[in-house]
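Please build the complete structure, drawing on both the sequences and the hints.
Going down the list, the protein sequences come from chains P and D. The first sequence begins at 1083 in my numbering and counts up one residue at a time. The second sequence begins at 50 in my numbering and counts up one residue at a time.
Hints were generated in silico from the structure; no laboratory data involved. All residues carry an ideal CB built from backbone N, CA and C; glycine is no exception.
Ranges between beta-carbon positions, derived for each pair: (1) P:G1152 - D:E105: 15 to 25 Å; (2) P:D1165 - D:P215: 49 to 59 Å; (3) D:P138 - P:G1152: 29 to 39 Å; (4) P:C1220 - D:P138: 29 to 39 Å; (5) D:G206 - P:T1167: 52 to 62 Å; (6) P:R1086 - D:E105: 20 to 30 Å; (7) D:V303 - P:T1167: 49 to 59 Å.
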Amino acid sequence: MSVRLSMTVNGKPVNADVEPRTLLVDFIRDTLRLTGTHIGCDTAQCGACTIHMNGKAVKCCNMLAVQAQGSTVVTIEGLAKADGTMHPMQAAFRDYHGLQCGYCTPGMVMSAIDLLKRHPHPNEEQIRAELDGNLCRCTGYHNIVKAVQAAAGA
Amino acid sequence: MHAFNYHKASSVADAMAKLAASDDGRVLAGGQTLIAAMKMRLSAPSDLVDLAGIAELRGIKVDANGVTIGAMTTHATVAASPEIKKTIPALAFLASEIGDPMVRNMGTIGGSVANNDPAADYPAAVLGLGATVATSKRKIAADKFFTGMYETALEPGEILTSISFPVPKRAGYSKFKNPASRYALVGVFVAETANGIRVAVTGAGPCVFRVTELEKALGKSFSPDVVNGIKVPATNLNSDIHASAEYRAHLITVMARRAVSQIVSK
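Take a look at the structure:
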């Protein structure tokens, strides 16, 4: 059994036949070849697979592709402008060195953008609490928090 | 994950028909537990019936009887709801403590309650507030709904449609969370309801349960100090790599005291 899937990804319409058991993260990475969305823990704990579905951050390793039927998806590749200008959150992560190995970074950036939508002027405590679903094994979170604070002020 | 047939239901009746027509079908709500269980092949349904397209299962209604929340309402919606923050702030707070922001954007109250994970948060509020669970067939009181580990009074093919919470005089929730999974190692919901004090504990045992000794003591004097003298026995509590039964028993008292402090400090 396969299901005809239609959604908008990074502004472009996408159609494909998928098996119902296809995870959204596998659809994004393997079918669409958008490999900026990472698989870290594969158990919905680390947040490396965070994307936006209909404007909200979700962990796409813990969803079926069919659950995104008809939705609007944005991945890390959809943030920068066509001319390559980075999204302010991406620029802040670069400016404040909010990463070391970079593996968690796409998920961190997607979560941080969602965070600022709900809390436009977060304090440090709020940023740390809201990034609870994203694990980073390198930075100790210090520069990530600074980057989010900078992006909020931008 | 094993292969399965996927169906999107257009109404509760349609979902029931599709479930009835399947060999070993299950309903899919937000999938935040079910998909993970299917990935590990702990669960392998023949069919999934997706409830996401059923508008009648979403939404929050507040009236004289209390707060009614549709089964497919997400944790994020409950946590952010101005009506729930006003009428039962402890319920909005509990929802804000579930998982993490991304899980809260997908996970639903109906999925959480129907799954009855021993460490899920919502069962503590449903039992602690003496809520009523509405299904495709009937209404079930919270005291009769949770029957064991991952077990509820729901019959095969019966779909949870909404949960109605009576508004308590005051209530609070305190949770000691596992830092990786964010599930409750122990969570305690304390409520002063029209029918007296109710204390419901999640995470500690195989299934959410009430602690009558705490309820009686708090009924006499509603203060954090009263809780201090009460020791909950570790018998039949969960013991795993995260915490021993004795530690969980200790945490029940600590979390109950914190929940009461939260209430009286307001």
